[in-house]
Structure formats: structure tokens, C-alpha cells
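Taken in sequence, the protein lines are chains A and B.
In terms of our numbering, the numbers along the first sequence are unbroken and rise by one, the last being 905.
In terms of our numbering, the numbers along the second sequence are unbroken and rise by one, the last being 905.
Because the hints were derived from the structure by calculation, they are not lab data.
For clarity, every value in this text was computed on a predicted model and none was experimentally measured.
Mixed in with the good hints, there may be bad ones.
Identical copies look the same in the list; a pair holds intra-copy or inter-copy alike.
Using 20 Å as the maximum straight-line C-alpha spacing, the simulated SDA-like pairs for lysine to any residue come out as follows [as the list claims (entries may be wrong)]:
1) K815 x P605
2) K621 x E878
3) K848 x G828
4) K815 x N682
5) K583 x A854
6) K814 x N682
7) K814 x V668
8) K583 x D888
9) K815 x A826
10) K848 x S594
11) K621 x A895
12) K815 x E833
13) K621 x G828
14) K848 x A831
15) K848 x R670
16) K848 x Y614
Protein chains: 2
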Amino acid sequence: MKTYDEYLLMVNSAIQAIDYPQQPAGLYEPIAYTMALGGKRLRPVLTLMACEAMGGNPDHALNAALGIELFHNFTLLHDDVMDRADVRRGQPTVHRRWNDNVAILSGDAMLTLATQHIELVDDRHLLAAMRLFNRTAMQIYEGQQWDMDFEHRHDVTEQEYIEMIRLKTSVLLGCACRMGAILADAPQDRQQAIYDMGVAMGLAFQLQDDMLDVWGDPETFGKEVGGDIMNNKKTFLLINAQQRAQGDDALELRHWLNDPYALRDQKYPAVRAIYERLGLRQLSEQAIDHYNAQAIEALRRVGLADDAYSAFAALINRLTTRSK
Amino acid sequence: MKTYDEYLLMVNSAIQAIDYPQQPAGLYEPIAYTMALGGKRLRPVLTLMACEAMGGNPDHALNAALGIELFHNFTLLHDDVMDRADVRRGQPTVHRRWNDNVAILSGDAMLTLATQHIELVDDRHLLAAMRLFNRTAMQIYEGQQWDMDFEHRHDVTEQEYIEMIRLKTSVLLGCACRMGAILADAPQDRQQAIYDMGVAMGLAFQLQDDMLDVWGDPETFGKEVGGDIMNNKKTFLLINAQQRAQGDDALELRHWLNDPYALRDQKYPAVRAIYERLGLRQLSEQAIDHYNAQAIEALRRVGLADDAYSAFAALINRLTTRSK
Numbered sequence: 582m583k584t585y586d587e588y589l590l591m592v593n594s595a596i597q598a599i600d601y602p603q604q605p606a607g608l609y610e611p612i613a614y615t616m617a618l619g620g621k622r623l624r625p626v627l628t629l630m631a632c633e634a635m636g637g638n639p640d641h642a643l644n645a646a647l648g649i650e651l652f653h654n655f656t657l658l659h660d661d662v663m664d665r666a667d668v669r670r671g672q673p674t675v676h677r678r679w680n681d682n683v684a685i686l687s688g689d690a691m692l693t694l695a696t697q698h699i700e701l702v703d704d705r706h707l708l709a710a711m712r713l714f715n716r717t718a719m720q721i722y723e724g725q726q727w728d729m730d731f732e733h734r735h736d737v738t739e740q741e742y743i744e745m746i747r748l749k750t751s752v753l754l755g756c757a758c759r760m761g762a763i764l765a766d767a768p769q770d771r772q773q774a775i776y777d778m779g780v781a782m783g784l785a786f787q788l789q790d791d792m793l794d795v796w797g798d799p800e801t802f803g804k805e806v807g808g809d810i811m812n813n814k815k816t817f818l819l820i821n822a823q824q825r826a827q828g829d830d831a832l833e834l835r836h837w838l839n840d841p842y843a844l845r846d847q848k849y850p851a852v853r854a855i856y857e858r859l860g861l862r863q864l865s866e867q868a869i870d871h872y873n874a875q876a877i878e879a880l881r882r883v884g885l886a887d888d889a890y891s892a893f894a895a896l897i898n899r900l901t902t903r904s905k
Numbered sequence: 582m583k584t585y586d587e588y589l590l591m592v593n594s595a596i597q598a599i600d601y602p603q604q605p606a607g608l609y610e611p612i613a614y615t616m617a618l619g620g621k622r623l624r625p626v627l628t629l630m631a632c633e634a635m636g637g638n639p640d641h642a643l644n645a646a647l648g649i650e651l652f653h654n655f656t657l658l659h660d661d662v663m664d665r666a667d668v669r670r671g672q673p674t675v676h677r678r679w680n681d682n683v684a685i686l687s688g689d690a691m692l693t694l695a696t697q698h699i700e701l702v703d704d705r706h707l708l709a710a711m712r713l714f715n716r717t718a719m720q721i722y723e724g725q726q727w728d729m730d731f732e733h734r735h736d737v738t739e740q741e742y743i744e745m746i747r748l749k750t751s752v753l754l755g756c757a758c759r760m761g762a763i764l765a766d767a768p769q770d771r772q773q774a775i776y777d778m779g780v781a782m783g784l785a786f787q788l789q790d791d792m793l794d795v796w797g798d799p800e801t802f803g804k805e806v807g808g809d810i811m812n813n814k815k816t817f818l819l820i821n822a823q824q825r826a827q828g829d830d831a832l833e834l835r836h837w838l839n840d841p842y843a844l845r846d847q848k849y850p851a852v853r854a855i856y857e858r859l860g861l862r863q864l865s866e867q868a869i870d871h872y873n874a875q876a877i878e879a880l881r882r883v884g885l886a887d888d889a890y891s892a893f894a895a896l897i898n899r900l901t902t903r904s905k
């Protein structure tokens with residue numbers, strides 16, 4: 582097994598080597614721009630790791646890994662239009678740097694480009710790879726739709742929230758892992774186990790993300806903290822706060838949620854303090870531990886050699902103790 | 582060979598039978614709405630016709646035909662967002678009936694749903710079908726990008742315009758024909774011939790569309806005429822008018838192009854009269870005849886039995902003498 586950074590290097594070299602057509606520039610430049618913004622490249626690394634861990638050649642999984650990363654970046658590109666987000670990884674989003682139409686159309690092209698990369702897998706894996714990829718894509722759109730629906734609801738339960746992030750975020754990590762397993766000719770039960778590991782890892786990862794937005798260090802987090810609180814974003818924390826707050830806490834929380842002109846310097850620390858009084862930091866950490874344990878249980882079921890097992894276990898640990 | 586209406590019935594029955602998930606409604610209702618708006622269903626009919634004409638079973642081409650129709654409707658859905666179009670086939674567009682975010686996300690889902698339908702072809706045709714479909718999709722995005730680029734240019738040539746509509750409109754007709762040929766196990770040269778027929782047919786079809794917008798009967802055309810003229814849309818007619826107009830005609834044309842407050846009752850007949858004085862109706866008809874002849878030449882190369890040949894020849898003729 583290689584280290585994370587070695588797989589990352591493989592992924593980044595392959596991304597840099599993608600040969601986009603020159604024309605029309607308005608279509609391809611935003612795609613190249615988006616792919617060059619960087620990021621953890623977690624999903625393609627998972628595909629390469631899973632492939633090698635199960636006895637396959639990670640070089641043969643590189644196109645599928647790129648397809649998954651292209652898909653992930655396509656979802657970010659269109660989500661940024663829908664969320665009117667101005668900044669992504671410290672740079673202007675595509676719809677801000679160009680415009681909405683460019684973002685819509687180049688996003689569409691990225692989705693097809695992603696599928697074209699999946700299409701490059703070995704013939705005998707094509708059907709399984711395409712099915713997994715497209716089924717996962719549909720689940721992700723469903724998750725995004727639930728996320729948008731939740732904005733207008735006040736009765737979202739923790740269970741509904743977990744199902745939403747399972748669809749919106751986690752299944753793509755499961756898909757990335759299973760893709761590697763498919764390309765390594767792993768049997769169905771081992772494919773399923775590594776998929777389950779990816780999904781549980783994704784849930785822990787997203788809950789960690791919700792926490793970082795509240796308690797993260799802006800220096801290392803790489804983006805401003807408090808954004809979820811300022812936007813009344815229905816996270817694991819807000820949903821549980823709304824269900825648990827009593828008396829003054831409930832009144833104060835309602836006040837902040839209903840004040841569109843609240844200043845960040847006031848609202849963010851006040852809501853964070855409510856979360857802390859309600860014990861939500863511990864509750865989040867317990868939920869993260871729960872999904873981490875689930876991920877480890879699934880990882881055991883995969884039945885890997887020691888070095889591969891250790892590599893995944895270390896990654897699970899690293900993702901949920903990360904500060905960025 | 583069946584009649585157009587018999588193939589159309591097959592397509593419409595299959596579209597009605599598509600079983601969309603119930604939830605989340607915000608994702609799937611706009612897709613069902615779009616697909617229920619109707620239309621000529623030209624592309625899926627071409628796939629079924631081409632398959633049967635080349636000795637295949639059109640039932641086996643039905644999923645791929647639906648995939649192409651889903652794709653076509655996805656492009657219309659996203660184009661309507663980009664063009665801020667309010668009406669499609671006499672009904673509110675998705676972004677008007679719901680909103681932009683719904684239109685973006687449900688369009689994305691339609692694209693993946695389209696790919697999932699292509700995925701259902703026989704295993705042995707999967708790679709060829711996916712390659713054709715995705716390559717065509719990329720060309721269509723390129724065509725849409727050129728179309729948007731042309732809005733800001735004043736030096737678009739007839740040749741550039743033809744290349745733009747080849748990409749934006751015609752290659753999907755070629756793809757629809759070739760998909761049927763692939764599924765009928767036709768050899769490459771016959772696949773290429775029927776593809777060429779579809780592309781030439783598509784060029785004639787789009788030029789006819791440009792003409793109908795100017796000289797069509799609003800009663801039978803199904804949508805208001807004059808829209809291209811009112812929007813200064815760079816069509817075959819406007820591009821040639823800008824190159825050919827001299828003296829008073831040139832001055833008058835420039836006046837109408839630069840008057841954003843011009844009334845439809847004045848601008849539309851005035852520009853139409855300029856087109857007529859410049860002989861552009863005849864020029865368009867000549868161009869249509871040219872691509873019709875190209876389509877017939879390609880159809881001959883396909884080498885079909887008489888009844889299949891006649892069915893396609895009649896369709897080519899019907900598409901470019903249509904009034905809607």
C-alpha cells in the first residue's frame with residue numbers, strides 16, 4: 582500500500598494531465614479552473630486505495646477515480662449556484678467569476694465528462710461501474726433536494742438529517758470505495774463491506790464538518806467559521822438544539838433564528854454558547870464515535886491484509902480528528 | 582416498418598410507464614412534468630426506425646430511445662433557464678413554474694436518468710452506446726456554448742452558424758439514428774451512413790425552424806412567430822441579412838437591431854420585409870434543399886430495403902415541409 586500522499590500525487594498528476602479541448606473556451610475553462618482549485622481528493626484516493634487493498638492495480642482504477650472526482654466537483658459547482666456561494670477553496674466560485682449560465686452549462690459538461698471517465702474502465706467492469714456511478718449520482722441529487730427542502734421546514738428530525746447527509750455526502754465515499762473493489766474483481770460481499778465502510782466514514786466526516794463550522798480554528802479550517810449558524814443551516818447541531826432547548830435557551834435560540842440582521846460577532850458566539858450549554862459538542866462527538874465504530878466494523882468485514890487494514894483505519898481516524 | 586405514429590405510440594407509452602420515485606417530489610415532479618409536455622418525439626422515433634430498418638427489434642431499442650429523449654428534454658430544461666424562457670410547448674417552463682434551483686437540480690437528475698436508460702442496452706452494445714451518447718452530449722454543450730458566444734459577436738459567419746447548429750441540434754439526430762443501428766448490429770459503414778443522414782436532416786430541420794419563426798403560421802406553428810427577430814437572435818437569416826444588406830436596408834436593419842424598445846407590431850414585419858427584399862427566403866429554401874439532398878444521399882449509402890428507405894425519405898421530406 583502507498584501512503585495517502587502518494588495516492589494523492591497520482592490523482593493530482595492525472596488531473597493535471599486531463600486534456601481539455603481549447604474551444605469553446607467558455608465551456609472548458611471553468612472546468613479546468615474548478616479541477617485546479619485542489620482539495621483533499623478524498624474520493625479518488627479512496628478508489629485507488631480500495632483497488633490496491635483488494636489486490637487490484639491502482640493504475641487501472643485511475644480513470645474511474647478521476648470520474649468520481651469530476652462528478653464531485655460538478656456537484657459543488659452546481660450547488661454553489663443554488664446556494665449563491667461566492668467562494669470555494671478561497672477562490673471565486675464559477676458563477677461569480679463567470680456567470681450563472683456558464684456555471685450551469687460547464688457543470689453539465691463536467692457531469693458528462695465524469696461519465697466518460699467511468700466509461701474508460703475495463704470492458705468487463707463497465708456495466709457494474711456505470712450502474713454504481715449513476716445510482717449514486719441519483720442518490721446525491723435526492724440528498725441535495727432534501728437539503729433544500731429542509732430549509733423551509735421546522736420539524737426536521739435527527740434521523741431525517743442523517744438520511745439526508747447519507748445521500749448527499751456519504752454514498753459518494755461508499756461509491757468511491759466500491760468502485761476500487763469492483764475494478765479489483767472483489768466479490769460482492771467484500772464490495773458491500775467496503776461500501777458500508779465508506780458510507781459510515783462519510784457520515785462521521787459530515788458530522789465533523791458541522792462541528793468544525795462551529796468550533797473549528799479559522800486559521801486551520803481554511804474557511805470562515807460560523808457560516809452555518811449565520812445562515813440558520815439545519816445541521817446536526819441546530820436540529821438537536823431546537824429539540825432540546827428549554828426556557829431561556831429556547832427563547833434565545835428562536836430570537837437569533839428570527840433576526841435576519843443579527844451581527845456575526847453577536848449571533849455566532851451566542852448560538853455556540855447555547856449549543857455548549859445543551860451538551861451538543863459531546864453529543865456530536867458521540868455520534869462521530871458511533872459512525873467511526875461502524876466504519877471500523879465494516880472495514881473488518883472487508884477482510885484485508887494488515888497493512889491495508891491499517892491504512893484505512895488510520896484514514897478513518899484522521900478524517901474525524903481533522904482540523905480542516 | 583411501422584408508421585411514424587406507431588413508433589410514436591411506442592415511445593409515448595414507454596414515457597408514460599416511466600416509474601419515477603415519489604420522493605423527494607421537488608426532484609422528480611419537474612422531470613415527469615417535462616416529459617409529459619409532449620412534442621414530436623422525433624429523436625426516439627428515429628432510434629426505433631433505424632433499429633427496425635436495419636433488421637433489429639425496435640423493442641430492444643426502446644430504453645436507449647427513451648434515454649435520448651430524456652437527454653433532449655434535459656437540454657431544453659437547462660436551456661430555458663439560461664435563455665430565461667417562460668413558455669415551452671404552451672406551458673410554463675420548469676424554472677418559472679418552480680424556480681431556478683429546481684430546474685438546475687432536476688435537469689442534472691434527468692441527465693443521469695438518461696444515462697441510466699442507455700445503460701439498459703444489451704451488454705454487448707453497452708460500450709458503443711455509451712461512447713456515442715456521451716460524445717454527442719459533449720458536442721451539444723459545445724453547440725450551446727457557441728450559441729451563447731454568438732450573442733455577443735457581430736461577425737458570425739454562415740459557416741460558423743452551420744457548425745453551431747450542427748453541434749447544438751443535428752448531432753443528436755445523428756446519434757439517435759446511429760443508436761438504432763448499433764442495437765441492430767449494423768456494421769460501422771452503415772452506422773456512419775445513417776448518422777450522416779441524421780445530421781443532414783437535423784441541419785435542414787433547424788434551418789426550417791429559423792424560417793418558421795419568420796414565415797410560419799402562428800395557428801399551426803404552436804408558438805408565437807417573430808421571437809427570433811424580436812430577440813435579435815443570430816439565425817441563418819439575420820447572419821445573411823447582416824452580410825448582404827446595403828444602403829437603406831442596412832441602415833434600417835441596424836436601426837431595428839439597436840432599438841431595445843421596438844414594438845413587435847413594427848419591428849417584426851419590418852425586418853421580415855428586409856429578409857424578403859434580400860431574397861433570404863429563397864436562400865434558406867436552397868440551403869434546406871441542399872441538406873435534404875445530403876440526407877437522401879446518405880440514406881442511399883445506408884442500403885436499406887425499399888419500405889425502410891421510403892419511410893426515411895418520407896420523414897426527411899415531411900420535416901422540411903412542416904408547418905409546425
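Verification of the supplied hints:
In this assembly of identical chains, K815 and P605 lie within 20 Å of each other by CA distance solely across copies; the values are 17 Å between and 40 Å within a copy. In this assembly of identical chains, K621 and E878 lie within 20 Å of each other by CA distance neither inside one copy nor across copies; the values are 24 Å within and 54 Å between. When the C-alpha separation of K848 and G828 is checked against a cutoff of 20 Å, the pair qualifies only within one copy, where the shortest distance is 18 Å, while the shortest distance between copies is 67 Å. Only between protomers do K815 and N682 lie at most 20 Å apart by alpha-carbon distance; the minimum there is 18 Å, versus 28 Å within a single protomer.
Taking the closest pair of Cα atoms, K583 and A854 never come within 20 Å of each other, the shortest separation being 43 Å inside a single copy and 72 Å across copies. Taking the shortest Cα distances, K814 and N682 sit within 20 Å of each other only across copies (17 Å), while inside one copy they are farther apart (26 Å). When the C-alpha separation of K814 and V668 is checked against a cutoff of 20 Å, the pair qualifies only within one copy, where the shortest distance is 17 Å, while the shortest distance between copies is 34 Å. For the homomeric pair K583 and D888, the shortest alpha-carbon distance inside one copy (10 Å) is at most 20 Å, but the shortest distance between copies (62 Å) is not.
Taking the shortest alpha-carbon separations for K815 and A826, only the intra-copy value of 15 Å comes in at or below 20 Å, while the best inter-copy value is 60 Å. Taking identical chains as interchangeable, the C-alpha atoms of K848 and S594 are never at most 20 Å apart, the minima being 43 Å within one chain and 56 Å between chains. For a Cα distance limit of 20 Å, the shortest separation of K621 from A895 inside one copy, 15 Å, qualifies, whereas the shortest one across copies, 57 Å, does not. When the C-alpha separation of K815 and E833 is checked against a cutoff of 20 Å, the pair qualifies only within one copy, where the shortest distance is 17 Å, while the shortest distance between copies is 58 Å.
In this homomeric assembly, K621 and G828 never come within 20 Å of each other (Cα to Cα): the closest approach is 42 Å inside a single copy and 62 Å across copies. In this assembly of identical chains, the alpha carbons of K848 and A831 lie at most 20 Å apart only when taken from the same copy (14 Å versus 62 Å across copies). Taking the closest pair of Cα atoms, K848 and R670 never come within 20 Å of each other, the shortest separation being 25 Å inside a single copy and 48 Å across copies. For a Cα distance limit of 20 Å, the shortest separation of K848 from Y614 qualifies neither inside one copy, at 35 Å, nor across copies, at 42 Å.
When the structure is compared with the earlier hints, violations turn up for hints 2, 5, 10, 13, 15 and 16 and for no others.
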